[in-house]
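Visitor: Numbering-wise, the sequence shown is residues 198 to 922 according to the working numbering.
Hints should not be assumed to be uniformly reliable.
[As the list claims (entries may be wrong)] Quick list of simulated restraints, FRET-style, between CB atoms:
(1) 286 <-> 263: 39 to 49 Å
(2) 286 <-> 462: 23 to 33 Å
(3) 403 <-> 480: 29 to 39 Å
[To be verified] Below, computed lysine-lysine pairings styled on DSS-like, alpha-carbon distance capped at 27 Å:
(4) 417 <-> 461
(5) 417 <-> 403
(6) 884 <-> 895
(7) 403 <-> 356
(8) 236 <-> 261
(9) 361 <-> 334
(10) 236 <-> 277
(11) 417 <-> 442
(12) 461 <-> 395
(13) 548 <-> 236
(14) 356 <-> 269
(15) 403 <-> 454
(16) 280 <-> 261
(17) 442 <-> 395
(18) 269 <-> 280
(19) 523 <-> 561
(20) 280 <-> 258
(21) 561 <-> 651
(22) 334 <-> 417
(23) 395 <-> 334
(24) 871 <-> 753
(25) 548 <-> 523
(26) 361 <-> 403
(27) 334 <-> 236
(28) 258 <-> 277
(29) 395 <-> 356
No lab work stands behind these hints, which were simulated from the structure alone. Model, not experiment: these values are computed from the prediction. Heads up, the beta-carbon is just placed ideally off N, CA and C, and yes, glycines get one too.
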Amino acid sequence: MAASWDGSYDPGSQSDDSHHFERLHIEPLYDAFVCPLTKQVMRDPVTLENGQTFEREAIEKWFKECRESGRKLVCPLTLKELKSTDLNPSIALRNTIEEWTTRNEATLDMAFRSLNMNSSENDVLLSLKFIQHICQKSRSNKHLVRNADLIPMIVDMLKSSSRKVRCRALETLLVVVEEDEDNKAILAEGDTVRTIVKFLSHEQSKEREEAVSLLYELSKSEAVCEKIGSINGAILILVGMTSSKSENILTVEKADKTLENLEKFENNVRQMAENGRLQPLLTQILEGTPETKQSMAAYLGELVLNNDVKVYVARTVGESLINLMKSGSMQSREAALKALNQISSYEASSKVLIEAGILPPLVKDLFTVGANLLPMRLKEVSATILSNVVNSGYDVDSIPIGPDHQTLVSEDNVHNLLHLISNTGPPIECELLQVLVGLTSSPTTALNVVAAIKSSGATISLVQFIEVPQHYLRMACIKLLQNLSPYMGQELADALRGTVGQLSSLIRVISENTGISEEQAAAAGLLAELPERDLGLTRQMLDEGAFQLIISRVVKIRQGEIRGTRFVTPVLEGLVRVLARVTFVLSEEPDAVALCREYNLAALFIELLQSNGLDNVQMVSATALENLSQESKNLTRLPELPPPRVCASIFPCFSKQAVITGLCRVHQGTCSLKESFCLLEGQAVHKLVALLEHNNAKVVEAALAALSTLLDDGVAIEQGVFVLC
Numbered sequence: 198m199a200a201s202w203d204g205s206y207d208p209g210s211q212s213d214d215s216h217h218f219e220r221l222h223i224e225p226l227y228d229a230f231v232c233p234l235t236k237q238v239m240r241d242p243v244t245l246e247n248g249q250t251f252e253r254e255a256i257e258k259w260f261k262e263c264r265e266s267g268r269k270l271v272c273p274l275t276l277k278e279l280k281s282t283d284l285n286p287s288i289a290l291r292n293t294i295e296e297w298t299t300r301n302e303a304t305l306d307m308a309f310r311s312l313n314m315n316s317s318e319n320d321v322l323l324s325l326k327f328i329q330h331i332c333q334k335s336r337s338n339k340h341l342v343r344n345a346d347l348i349p350m351i352v353d354m355l356k357s358s359s360r361k362v363r364c365r366a367l368e369t370l371l372v373v374v375e376e377d378e379d380n381k382a383i384l385a386e387g388d389t390v391r392t393i394v395k396f397l398s399h400e401q402s403k404e405r406e407e408a409v410s411l412l413y414e415l416s417k418s419e420a421v422c423e424k425i426g427s428i429n430g431a432i433l434i435l436v437g438m439t440s441s442k443s444e445n446i447l448t449v450e451k452a453d454k455t456l457e458n459l460e461k462f463e464n465n466v467r468q469m470a471e472n473g474r475l476q477p478l479l480t481q482i483l484e485g486t487p488e489t490k491q492s493m494a495a496y497l498g499e500l501v502l503n504n505d506v507k508v509y510v511a512r513t514v515g516e517s518l519i520n521l522m523k524s525g526s527m528q529s530r531e532a533a534l535k536a537l538n539q540i541s542s543y544e545a546s547s548k549v550l551i552e553a554g555i556l557p558p559l560v561k562d563l564f565t566v567g568a569n570l571l572p573m574r575l576k577e578v579s580a581t582i583l584s585n586v587v588n589s590g591y592d593v594d595s596i597p598i599g600p601d602h603q604t605l606v607s608e609d610n611v612h613n614l615l616h617l618i619s620n621t622g623p624p625i626e627c628e629l630l631q632v633l634v635g636l637t638s639s640p641t642t643a644l645n646v647v648a649a650i651k652s653s654g655a656t657i658s659l660v661q662f663i664e665v666p667q668h669y670l671r672m673a674c675i676k677l678l679q680n681l682s683p684y685m686g687q688e689l690a691d692a693l694r695g696t697v698g699q700l701s702s703l704i705r706v707i708s709e710n711t712g713i714s715e716e717q718a719a720a721a722g723l724l725a726e727l728p729e730r731d732l733g734l735t736r737q738m739l740d741e742g743a744f745q746l747i748i749s750r751v752v753k754i755r756q757g758e759i760r761g762t763r764f765v766t767p768v769l770e771g772l773v774r775v776l777a778r779v780t781f782v783l784s785e786e787p788d789a790v791a792l793c794r795e796y797n798l799a800a801l802f803i804e805l806l807q808s809n810g811l812d813n814v815q816m817v818s819a820t821a822l823e824n825l826s827q828e829s830k831n832l833t834r835l836p837e838l839p840p841p842r843v844c845a846s847i848f849p850c851f852s853k854q855a856v857i858t859g860l861c862r863v864h865q866g867t868c869s870l871k872e873s874f875c876l877l878e879g880q881a882v883h884k885l886v887a888l889l890e891h892n893n894a895k896v897v898e899a900a901l902a903a904l905s906t907l908l909d910d911g912v913a914i915e916q917g918v919f920v921l922c
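Input sequences plus hints: build the corresponding full structure.
Guide: Spelled out as C-alpha cells, the structure:
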C-alpha cells in the first residue's frame with residue numbers, strides 16, 4: 198500500500214492535499230445514475246412510458262401503494278397519469294453504472310486495504326486523509342465511500358491505540374456524513390454513537406473537539422438525535438461542556454448547538470432539565486401542543502429545583518401554568534398543579550405567582566362543588582399551593598378573588614376555609630390550617646380571620662385539633678392558635694379549661710424530651726399569650742402538675758442540657774412567661790405560694806435576670822419578682838415580743854424596749870428568699886438596679902416596678918429608701 202501513495206506525502210502536513218491524490222482519480226457521480234425515489238445509485242434501472250428512469254424495486258413499490266390506496270397511477274416525478282405501467286429495462290445505463298462502480302471501487306480498494314489495525318500508523322492516516330479528500334472534492338463520492346463499506350472500517354479506527362489515528366478517524370467521519378443523511382444513518386447503527394460520546398470525556402482536548410463537531414453534524418438528523426439522547430450520560434456531558442470555563446469557545450458553541458438539535462425529542466428535553474438546562478422544557482410549556490405542555494408540566498413538577506431557579510421558572514412559565522390549571526383537561530390541571538406546587542415552595546417565587554394571578558383560580562378550585570369539582574387528591578395540592586403563597590408574606594388582602602372585591606380574608610371566604618377544615622381529611626386540613634396561619638401572621642389580615650372565627654363559633658373545633666394523632670396536623674393547629682392568642686386569649690383560655698384534655702396535650706408537647714422543636718415553641722408561645730390573671734386556668738395547670746414540668750424544662754435549657762436549635766430562644770421566652778403566671782395568683786391561691794417555695798422560683802427568676810440578650814426573659818423575670826416581692830410583707834414572720842416585767846408595768850419609765858436582731862430591715866420580720874420571696878434577702882436589688890441601664894425601656898420599667906415594691910405600703914419605707922440609695 199505504501200508504494201501506491203506519493204512517497205513525499207506527510208500525513209501531518211498542512212500542504213494542499215489534492216496534489217498528493219491527483220492520480221488516484223475518482224470519477225464523479227452523475228445525476229442519471231441516481232434513482233429519484235431512493236436517492237441511491239441504481240442497480241436495475243427501468244424506464245416508464247414518459248422516459249423517466251427509476252430503480253425497478255422502488256417504482257414497483259410506488260405502483261403498489263397507488264393501487265392499495267385507490268389513487269390513480271401517476272409518475273412520482275411529474276405526477277401525470279400513466280396509461281401503462283410497463284417497465285423497460287435501461288440496459289445501457291445499467292452497464293454504464295456497473296463500469297463506473299468497478300473503476301471507482303478499484304481506486305477505493307487501496308484505502309480499503311489500509312484501514313485495519315495491522316497497517317502502519319502512517320498508512321492509516323494517509324488512507325483516512327484520502328477519503329476526506331475525495332469526499333470534499335465531490336459530494337457524490339460519499340455515496341462511493343458508503344457502497345464500498347468504508348464507513349464501518351473508519352469507525353473501527355476509533356479503537357486504535359494511536360491518538361493521531363483516533364482524531365483523524367473522527368475528522369474523517371465528519372467529512373463523510375456532512376450533509377449526507379444516508380451516511381449518518383449508517384453511522385447511527387450499532388454502538389458507534391456511544392463510542393463517539395465516550396470521546397467527550399477524554400482529557401485530550403483535540404479528540405473531544407472532533408467528537409463534539411461530529412455529534413453536532415449527526416444531531417442534524419432527527420433519527421440520530423434520538424439515538425444520542427438515549428446514550429447514558431451524553432446529554433449530561435454536553436450540558437456540562439456548555440457551562441465550562443476552560444473549554445475551547447468553539448467546542449462550547451458546538452455542544453450548545455448539538456443540544457439545540459436534540460431538543461426535538463421530549464425525552465431529551467427532560468434529560469436536559471434534569472441536568473440543569475431548563476430553558477428547552479420551559480419553551481415547550483410556552484409553545485408546545487396541549488399534550489406537550491401537559492407532559493412537560495408534569496415533569497417539571499417532579500424536578501428538584503433550587504430557590505433561584507424556582508423564581509426564574511415562575512417568571513418564565515408561571516402564567517402559562519396558571520392558564521393550564523384553569524382551562525386544561527383534568528390531566529393537564531393535575532400536571533400544572535404539581536408544577537406550581539414545586540415552584541411555590543419558595544417565598545420569592547410564590548410572590549411572582551401571586552402577581553401572575555394564581556390566587557383566584559386556586560380559591561375557586563378549593564371552594565367549587567359540582568361538575569368541575571377537583572378530586573380530593575388535587576384539592577390537597579391546591580391547598581398546599583395556597584398555603585405556600587399565603588405564607589410568602591405577600592399582602593393577599595390586596596388581591597380580589599371574587600365578586601364585590603372580595604379577598605381571601607373576607608368573612609365568607611374565611612367561613613369556607615373553616616368549613617373545609619372541619620369536613621376534609623387530615624392532609625387538606627393541615628394545609629388549610631397553614632393558610633390560616635399565614636393569614637393570621639399579619640396584623641392587617643389577622644383581625645378579619647379572628648372576626649370570622651368568632652362569628653362562626655369555630656374556636657372549639659379548632660382547639661380540638663390539639664389532640665389529633667397526626668403530628669403535622671397538630672403542629673399546624675398550635676401555630677394557628679398561637680397567632681390567634683393575642684386577639685382572643687380569653688376565648689382560647691375558656692376553651693382549654695375543663696376536662697377535655699387539650700391543656701394537658703399542650704403541656705405534654707412542651708415537656709417532650711426530644712430536644713427543642715418548632716411545635717414546642719408554638720405551644721409555649723400559645724400558653725404564654727393566654728390571660729395571665731385567669732385564675733381558673735392557672736389552678737388547672739397547678740392541679741395537672743404543669744408548672745413542675747415547665748420548671749424542669751427551663752432549668753435544663755439554662756444548664757445547657759438542651760441546646761442547638763433555632764427554637765431555643767422562643768421556647769425559653771414562652772416557658773418563662775408561662776411560669777410567671779403562677780406569681781399573679783399568689784394572694785388567691787395557697788398552692789401557688791407552696792409551689793414557689795418548694796421550687797425556689799424567686800431564685801430562678803433572679804438568675805434569669807442575667808439572661809443577656811434575651812430582653813423578654815429579663816422583663817418577664819423582673820415582673821415575676823415584682824409579684825413575688827409584693828407578697829413578701831404578707832409572708833414575713835413578725836417577731837413575738839416578750840411580755841413586760843411587773844416593775845415595768847407599774848413604772849413605765851423603768852421599761853426598756855426589747856431588741857431583736859436578724860430581722861429584715863424592710864419587712865421588719867424574719868425573711869428569706871425561698872420562704873417569703875424577699876428581694877433584699879435574695880440579694881436581687883443590685884441585679885435589678887443594674888437593669889436600669891438596659892437599652893430596652895420595657896426591661897427598665899419592669900425592673901423599676903420590682904424595686905418599687907421596697908417602698909410599698911406595709912413595709913419600712915425609710916429603710917427601703919436607704920436600701921435603694
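Visitor: Confirm or reject each hint.
Guide: To see whether the hints hold, each was checked on the structure:
1. 286 <-> 263: 39 to 49 Å: 21 Å, violated
2. 286 <-> 462: 23 to 33 Å: Once the Cβ atoms are compared, 43 Å apart, the range 23 to 33 Å for residue 462 and residue 286 is violated.
3. 403 <-> 480: 29 to 39 Å: Between residue 403 and residue 480, where Cβ atoms are some 34 Å apart, the hint holds.
4. 417 <-> 461: At roughly 10 Å apart (the allowed maximum being 27 Å), residue 461 and residue 417 satisfy the hint.
5. 417 <-> 403: Distance ~22 Å between residue 417 and residue 403 Cα, so the pair holds.
6. 884 <-> 895: This hinted pair holds, its Cα atoms lying about 16 Å apart.
7. 403 <-> 356: 16 Å, holds
8. 236 <-> 261: 19 Å, holds
9. 361 <-> 334: Status holds; Cα separation ~23 Å.
10. 236 <-> 277: 21 Å, holds
11. 417 <-> 442: 26 Å, holds
12. 461 <-> 395: Distance ~23 Å between residue 461 and residue 395 Cα, so the pair holds.
13. 548 <-> 236: 58 Å, violated
14. 356 <-> 269: Violated, at roughly 53 Å.
15. 403 <-> 454: 19 Å, holds
16. 280 <-> 261: With Cα atoms ~16 Å apart, residue 280 and residue 261 stay inside 27 Å; holds.
17. 442 <-> 395: 21 Å, holds
18. 269 <-> 280: Holds: residue 269 and residue 280 sit about 10 Å apart, inside 27 Å.
19. 523 <-> 561: 10 Å, holds
20. 280 <-> 258: 18 Å, holds
21. 561 <-> 651: It holds: about 24 Å lies between the C-alpha atoms, which stays within 27 Å.
22. 334 <-> 417: Measuring from Cα to Cα gives roughly 22 Å; hence the hint holds.
23. 395 <-> 334: 30 Å, violated
24. 871 <-> 753: Measuring from Cα to Cα gives roughly 21 Å; hence the hint holds.
25. 548 <-> 523: Holds - the C-alpha atoms of residue 523 and residue 548 are around 19 Å apart, at most 27 Å.
26. 361 <-> 403: 10 Å, holds
27. 334 <-> 236: 20 Å, holds
28. 258 <-> 277: 17 Å, holds
29. 395 <-> 356: 11 Å, holds
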